[in-house]
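Peer 1: Residue numbers (the working numbering), protein chains in the order written: chain C, 106 to 720; chain L, 50 to 148.
None of these hints come from the bench; they were simulated from the model.
Cβ coordinates follow ideal geometry from the N, Cα and C atoms, glycine included.
Fair warning: there could be bad hints in the mix.
If we take Cβ atoms under 7 Å as the criterion, some of the chain L residues that face chain C in the derived model are [unchecked claim]:
| id | residue |
| --- | --- |
| 1 | N87 |
| 2 | A121 |
| 3 | V123 |
| 4 | P125 |
| 5 | P144 |
| 6 | G148 |
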Amino acid sequence: MSWQRKILRVDLTAGTVTPEPLNMEWAMAYLGSRGLGTKYFVEEVGPGVDPLSPANKLIFATGPLTGTMASTGGRYTVITKGALTGAIACSNSGGYWGAELKMAGWDMIIFEGRSPKPVYLLVRDGEVSLEDGADIWGTTVWHTEEHLKTKHQDPLMRVSSIGRSAEQGCLYSAVVNDLHRAAGRSGVGTVMASKNLKAIAVRGTKGVGDIRDPKAFFAATKAGKKVLADNAVTGQGLPTYGTQVLMNVINEIGALPTRNHKDVQFEGARDISAEAMREKRPTDGKANLVTNQACFGCTIACGRISQLDNGHYTVENRPQYWGASGGLEYEAAWALGAANGVNDLEALTFANFICNEDGFDPISFGATVGAVMELYEMGVLTKEQIGIEAPFGSARALTFLAEKTATGEGFGKEMGLGSKRLCEKYGHPELSMSVKGQEFPAYDSRGIQGMGLTYATSNRGACHLRSYTVASEVLGIPIKTDPLATDGKAGLVKAFQDATAVFDSAGICLFTSFAWSLVDVAPQLQAACEGDWSLENLNVVGERIWNMERMFNNAAGFTAKDDTLPKRLTTEPAKTGPAKGLVNGLAKMLPEYYAERGWTADGIPTPETRARLGL
Amino acid sequence: MIHTLAIRGAPATGEAIEITLKLFAMLERWLPEGARRNEIRLSVPAGTTPADIVATLDLPVALCALVLIDGAFVVPEMRATRTLAPGEVLSIWPPIAGG
Numbered sequence: 106m107s108w109q110r111k112i113l114r115v116d117l118t119a120g121t122v123t124p125e126p127l128n129m130e131w132a133m134a135y136l137g138s139r140g141l142g143t144k145y146f147v148e149e150v151g152p153g154v155d156p157l158s159p160a161n162k163l164i165f166a167t168g169p170l171t172g173t174m175a176s177t178g179g180r181y182t183v184i185t186k187g188a189l190t191g192a193i194a195c196s197n198s199g200g201y202w203g204a205e206l207k208m209a210g211w212d213m214i215i216f217e218g219r220s221p222k223p224v225y226l227l228v229r230d231g232e233v234s235l236e237d238g239a240d241i242w243g244t245t246v247w248h249t250e251e252h253l254k255t256k257h258q259d260p261l262m263r264v265s266s267i268g269r270s271a272e273q274g275c276l277y278s279a280v281v282n283d284l285h286r287a288a289g290r291s292g293v294g295t296v297m298a299s300k301n302l303k304a305i306a307v308r309g310t311k312g313v314g315d316i317r318d319p320k321a322f323f324a325a326t327k328a329g330k331k332v333l334a335d336n337a338v339t340g341q342g343l344p345t346y347g348t349q350v351l352m353n354v355i356n357e358i359g360a361l362p363t364r365n366h367k368d369v370q371f372e373g374a375r376d377i378s379a380e381a382m383r384e385k386r387p388t389d390g391k392a393n394l395v396t397n398q399a400c401f402g403c404t405i406a407c408g409r410i411s412q413l414d415n416g417h418y419t420v421e422n423r424p425q426y427w428g429a430s431g432g433l434e435y436e437a438a439w440a441l442g443a444a445n446g447v448n449d450l451e452a453l454t455f456a457n458f459i460c461n462e463d464g465f466d467p468i469s470f471g472a473t474v475g476a477v478m479e480l481y482e483m484g485v486l487t488k489e490q491i492g493i494e495a496p497f498g499s500a501r502a503l504t505f506l507a508e509k510t511a512t513g514e515g516f517g518k519e520m521g522l523g524s525k526r527l528c529e530k531y532g533h534p535e536l537s538m539s540v541k542g543q544e545f546p547a548y549d550s551r552g553i554q555g556m557g558l559t560y561a562t563s564n565r566g567a568c569h570l571r572s573y574t575v576a577s578e579v580l581g582i583p584i585k586t587d588p589l590a591t592d593g594k595a596g597l598v599k600a601f602q603d604a605t606a607v608f609d610s611a612g613i614c615l616f617t618s619f620a621w622s623l624v625d626v627a628p629q630l631q632a633a634c635e636g637d638w639s640l641e642n643l644n645v646v647g648e649r650i651w652n653m654e655r656m657f658n659n660a661a662g663f664t665a666k667d668d669t670l671p672k673r674l675t676t677e678p679a680k681t682g683p684a685k686g687l688v689n690g691l692a693k694m695l696p697e698y699y700a701e702r703g704w705t706a707d708g709i710p711t712p713e714t715r716a717r718l719g720l
Numbered sequence: 050m051i052h053t054l055a056i057r058g059a060p061a062t063g064e065a066i067e068i069t070l071k072l073f074a075m076l077e078r079w080l081p082e083g084a085r086r087n088e089i090r091l092s093v094p095a096g097t098t099p100a101d102i103v104a105t106l107d108l109p110v111a112l113c114a115l116v117l118i119d120g121a122f123v124v125p126e127m128r129a130t131r132t133l134a135p136g137e138v139l140s141i142w143p144p145i146a147g148g
């Protein structure tokens, strides 16, 4: 086994911490992390629960490969009912925190209730306690981490926490660990704040033992690492350029959502790309990119570490932002840049620092800025309301809004609503580029048709990490398909969704899937864990997890009508590029997808499908 | 500024056309002198194909994973036969991915 077989149940209302054995029957069916944590969640929480009420629960879950020597085995998932969406939320993060929790001897922590006062959880191997958090409430993620390490005199302690945005009710607040790795989406940090839980500080020294077959595990993980090293994407492309290498590609193919999806190509894309991050700035002769960085156990190392130009207007006389910190990944660069028509790389990097420092999702934030800029240009919102002139392309408006959202001051409170609620409030719901209340990531579904179906059917609202068909439609991984065609996309999306659920539930990074398929994952799991982790069974496990999430959403009131896209994407054709004249063909793909899934025409898993999957 | 690229094996005389070449990520280093911001305008003989440009610049074929003309993917088997038209943009990437 590589589960620790132990979970922590923390009753925040009563202030108690209780160890429990892990339900191994469920582990055999749902693997770990996203799958197993969600199983606990749907068994314990009613689908109608108010996300910000004490009755909602918040689960931090590792997978069986978390903390092991499997490459990228450092992941954990935060599961709850999302504050932004009201749907099942499961946000995944890397860094070192997940492995530290596992090495402290715990597979999972379940938080329930609401503390009467701010607290943080302190985990030192088997010693676990709730501590007074009054002196860190109202402070940033960065301050919280430094404060707790100092207070407990342990620089090796790993901290996962929320910032001020969550405390102020920003609905897309994140849980941030290791300063700049985040369970970023759906407002899981907002739920954490609603429980008066500021942080989880962990020190684990036990390691992860009891691997079922250590010799076979060593061989399987070694073989897996060789596949990653030999692959041009995971061995060279990602470490050198990071995910940001996509900026120019997606722009060239005409699928870079620009100015709140009004356009599909951005004239400033090259200015905010991976290539630009590596160039020396004319102002100070230094590059934005300092180095790459790896999470726990990762042999890819795609992370970006950046340093701002100290003379840039955002950080002039603000030395606290002069050090190197988490830089722009593709999604953040798009959301903070192209989505708003902003091409100032330093301004984007600063806004990204603020998102990390105060813990909010740069995708939802950036997309909300895009909606605000469109409302401003229409005259619906004014300079007086926003606090600054905010036309598309204004870097100063972007960074102003980032700082306001961080603290919830002024228009920052409105920003924290997210684009759906904000656009509804100002009478233009059609301008929110979102599904189930969650904003789109960085791919325009007029130019990449499969991503429209991906967004519409994602269980946690619009998301690229539930079915990354970009890999196939644009990059040719594992096979090249036509991004402008709808034929075959229903099956492609289902296959990606089910496989992704397995990668997430194993405790490894989804980016391994650029080189690995489940064929590479199966022997690692089989060597590490008891049970049947054959390729055939893993496919069933992935499908089971997807349907479990769907059934929770159905019970929470989501129907086929919520599997949709904003009108802009289905009625306003792309203006330029290869997709010129095209809208997304969701109406054709969706019924095909329901049929592929074994769901009714209303998007509900049939009794036969549920029986086949043991649901 | 337009750079004249003498395509390897092509006659020196004949009609010439202007295209734009863009090379990204680790392919940047193969851009001819005078390139700026990952791109350069080229004068090439009419009838030039993506494969002709790859060969002339000594680009490693294995690194030319994503070949686009005006943003549209050119499948490997067409790269030696699809001729470039005046004004078209040829863009090439090594194997990459993101998310």
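Peer 1: Indicate, hint by hint, whether the structure satisfies it.
Peer 2: Hints and how they fare:
This hint holds: N87 (chain L) has a C-beta 6 Å from the nearest C-beta of chain C, less than the 7 Å allowed. Checking A121 (chain L) against chain C by beta carbon gives a least distance of about 5 Å; that is within 7 Å, so the hint holds. Because the smallest distance between the Cβ of V123 (chain L) and any Cβ of chain C comes to about 11 Å, over 7 Å, the interface hint for this residue is violated. This hint is violated: P125 (chain L) has a C-beta 9 Å from the nearest C-beta of chain C, more than the 7 Å allowed.
About 4 Å separates the beta-carbon of P144 (chain L) from the nearest beta-carbon of chain C, less than 7 Å, and the hint is met. About 5 Å separates the beta-carbon of G148 (chain L) from the nearest beta-carbon of chain C, less than 7 Å, and the hint is met.
The structure fails hints 3 and 4 (numbered hints given earlier, in ascending order).
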